[in-house]
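Given chain A, work out where chains B and C should sit, using these hints.
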Amino acid sequence: MKASVIVFPGSNCDRDAAVVLKSVMGHAPAMVWHGDSELPKSDLIVLPGGFSYGDYLRSGAMAAHSPVMREVVSRARAGTPVLGICNGFQVLTEAGLLPGVLMRNATLRFICKDVLLKVERNDTGFARHYQEGEVVRFPVANKDGSYFADDATLDRLEGENRVAFRYCDASGAVTADANTNGSCRNIAGIYNKTGTVLGLMPHPERLADAALSGTDGTKMFASLVEAIH
Amino acid sequence: MKARITITLKPGVLDPQGKAIEGALHALGFGSVDGVRQGKYIEVEVAESDPARASAEIERMCEQLLANTIIENYAYELDAA
Amino acid sequence: MSGAAGAAQKAEAISDELVAEHGISPDEYAVLLKELGREPTITELGIFSVMWSEHCSYKSSRVWLKTLPTTGPHVIFGPGENAGVVDLGDGLAAVFKMESHNHPSYIEPYQGAGTGVGGIMRDVFTMGARPVANMNALRFGAPEHAKTRHLVAGVVSGIGDYGNCMGVPTVGGETNFDARYNENILVNAMCVGLIDANRIFTSAAKGVGLPVVYVGSKTGRDGIHGATMASAEFDEASEEKRPTVQVGDPFTEKLLLEACLELMAEDAIVGIQDMGAAGLTSSSVEMADKGGVGLMLDLDHVPTRETAMTAYEMLLSESQERMLMVLKPGVEPIAERIFTKWELDFAVIGKTTDTGHLVVRHGGEEKADIPLAALAHAAPMYERPWVPKPKQETIAPSDVPAPDSILGALEPLMGSPHLSSRRWIYEQYDHMVMNDTVQRPGGDAAVVRVHGTEKGLAISCDVTPRYCSADPHEGAKQAVAECWRNLTATGAKPLAITDCLNFGNPERPEIMGEFVGAVQGMAEACNALDFPVVSGNVSLYNETNGVGIPPTPAVGGIGLIDNIDDMTGIALKSDGDFLLMLGEQTGHLGQSTYMQVMLDRLEGAPPPVDLNAEQRTGDLVRTLINDGAVLAVHDVSDGGLLVAVAEMALAGGKGVALEAGPDNIPAHAAWFGEDQGRYVVAVSPGKAEAVFRAGADANVPVGALGTIGGDTITLPGEDALPLATLRAAHEAWLPDFMAQG
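Read top to bottom, the protein sequences are chains A, B and C.
Here the first sequence stands for residues 1 to 229, numbered as in the numbering used here.
Here the second sequence stands for residues 1001 to 1081, numbered as in the numbering used here.
Here the third sequence stands for residues 2001 to 2741, numbered as in the numbering used here.
With the rest of the complex left out, here is chain A (with noise of 0.2 Å):
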């Protein structure tokens, strides 16, 4: 499994993905720069964490026009599984590769803590490790991380099953207090309409290792491995 990480100026959880990958992969990940028009064959593109252009202007919004993006809208069309953590999932949605828009935090301020999420679905090459309904924790580490979209949008997003996490509490019910930056419908997650791209604000990653008190996020690193093999 051929694996890449892009990398935009202000990217920075980068190298945290990289860690992960290499250790359920075997290998390293290629590191690709913004910059660059060439990727090189990836099996996954991982747009990672971090704070592309500073996020100046909107999150996401320069890098979504980076030389490297054309490639990988057009990977991710053609079916090559793309995931977007954080950064890379306001990335996905200003490019136009998701549908909707995160947006400033309802408290304002940046959030960072772990948080419980509802695994809408398990068929999809990203979640085939978790069961329906397992509430898994991942951390969020996010200023812009409300997801917004209209609600003839958010409709056809759960009329799809392109839910693919939610906000909830420990029991797994999805409720207000259990949303913690004010997110539509308590969305964390969400896919496009084949399931190949996935686009979520919560980091995956940084619970994939025994040390860091948990590793409910290995699991979708894993399944990403079995389901390309």
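Estimated spans, in silico, between C-beta atoms of each pair:
id	chain 1	residue 1	chain 2	residue 2	range
1	C	T2307	A	A152	48 to 54 Å
2	B	R1060	A	R156	25 to 31 Å
3	C	P2329	A	G96	47 to 53 Å
4	C	E2584	A	A170	40 to 46 Å
5	C	N2198	B	R1060	50 to 56 Å
6	A	L108	C	K2147	16 to 22 Å
7	C	E2343	A	H229	37 to 43 Å
8	B	D1079	A	A152	36 to 42 Å
9	A	S171	C	A2704	34 to 40 Å
10	A	A211	C	A2704	29 to 35 Å
11	A	A152	B	L1065	24 to 30 Å
12	A	A30	C	P2412	56 to 62 Å
13	C	S2574	A	G96	49 to 55 Å
14	A	G96	C	N2198	46 to 52 Å
Treat the hints as calculated values from the structure; they're not laboratory data.
Being a predicted model, the structure only gives us computed values, none of them experimental.
By construction, the Cβ of each residue, glycine as well, lies at the ideal position given by its N, Cα and C atoms.
Coordinates of chains B and C only, in the frame set by chain A:
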């Protein structure tokens, strides 16, 4: 020419920053405040003297990058100076 | 008058007022004239004013700082470089420093605090280290003060936005509220980096004829002080009121970090220095002086973002995110390619010379020509008069009123501004990025794994200003000891400290007495605990209208954990385990949080620190941790024993059934006294006996406190206190306070 571009959230899009500003204005005693929406203001210098061509250029900038038209509207004025 | 510089600018008269506005005393100006052999140009006056400022020259503090221990077997670089460096073994070293950004943070909290964080990170990566952890020590005014909420909000988001964008975790810190900081808040930022011990970069520009290169952001008029800008000539030249607030750009700093580390991997750099306070002036003087060379700068090549900047402005600008480098000959193209890739400015602005002078040209004119020795070594040094602070009486426990019930007092204590949870703050900091934060904020010390190894670095920032205010000597000792203790409580071997010495006006003998007392106390503790000072910063004149801050010698320490599998945290783990206390208990209530919160007063001598007992107890605790004998460890500090137990209970979500306290100490003094050198440890029942024995062997008192279990804290004869009630009180204060805006 100089373009003065104003980017605002579309009506109906949640604006937590605007809400916070409204709350702060109320706290300061501005009881008449009946809604706040915040946005962005951007100045762009374009090396273009023809207003029609400059307008077309600015619109493309707004559509492609400066505004996210899912949630934002934009408006601009051109300034020959 | 000699030299072209003097001739070119003869017209600019240097009046007594202009000299005074530059903060140069008449005596200092006499020295300046002697060193220069003529009247300075306005540009030269500006250069002297920043180099001889308190900030750059440490003129009031240097004579005392020299008395601090700065060496040790693991110290690679002590004070004098951008940051201290200590050996971690296996070819790795830690680079760290703490610095103040107090006044800028009061004026503009968001930018002031952010640029403070940016500056300290530059100090660390200038040496070639990748920053791996940030910490901060914050002191705000009283919660009731009108500005406090605004300052807390701005400082916290400023620190967060800068560190978060950089992708360096902010792993902890401490926050105090005290009315004496109302007009003078303190923002002390610490950064720790990791480096290959064989690839450490310094600022010395050794070699003649080498290119001097400017990289990073463009130069604007940021941070040029209003007072030094008051001359008529400059007012005429300025179209707009010049800003004195530096604005941070963490995105550019992130690019600068990556570009510098990429260039450092090449064999290209002779010396490198960040442009921090006093910008281009102090960085160039520092590099030339350390390298033993002269320097010629041509300011026409400095990238600027404002028009018509004068030489004076370019030299004194404190624009952020800039670096000065001296490169090996012929490698400019390699460096330029890297900086262009990262979309940063790159300009050759001068070269090293054999003149021993700093020569500055601008617009074809020579604007300055100063012997470097005059700037670096002729700087004034004062032995300012000082009077020691009178000692206060020790208050007997029986003279301090007791509460109605012990557990009844615990709840308001834990919910007070002084002891309440700092979650509202640290959740705004990305404390997990880099995936090596193995102990998150909220414990004794944060621990970051040394990337790619099983080692851990424990990091802690400490000082107790109310103790220092009562007794600067004992308080500073306590700051060092508490930091050492916090590191020890994770199982780390404490290695070294950085300090940030925040005081009032040193020209007042009683303030200078506080400074001297604190330095002496620090030196005593550092010597006793083998805990040298490897870097630091002094911030004086923190006072308004003659009201100074409490002496605040903040200490930032690091310690090494050989294997993170062996480390301990504060969270209680298993029902049925025993809770024990190690260390001597006398029930010292003077200057305690109990007095402050429950009686609304602070009186008496602070608790004394017995450094021999400190070392004995700490060494025993570390041995017990390494042997796997204890499962959770917490030091006893603010609020005393019961607060330590409560914090462990909340962290683990487990209750504790406490036994009655000792007979010979009043109960409130036993539970809330702040005797130093103590730890609470959790042990499995099978190991308790061994801990008692080890204590007896090491001459460390060990006492049984109670048994872990349930969801309440209980004491014989008192109503049980549910953890949920305690947690609600502990978590509520800060968010409630901030929401009142």
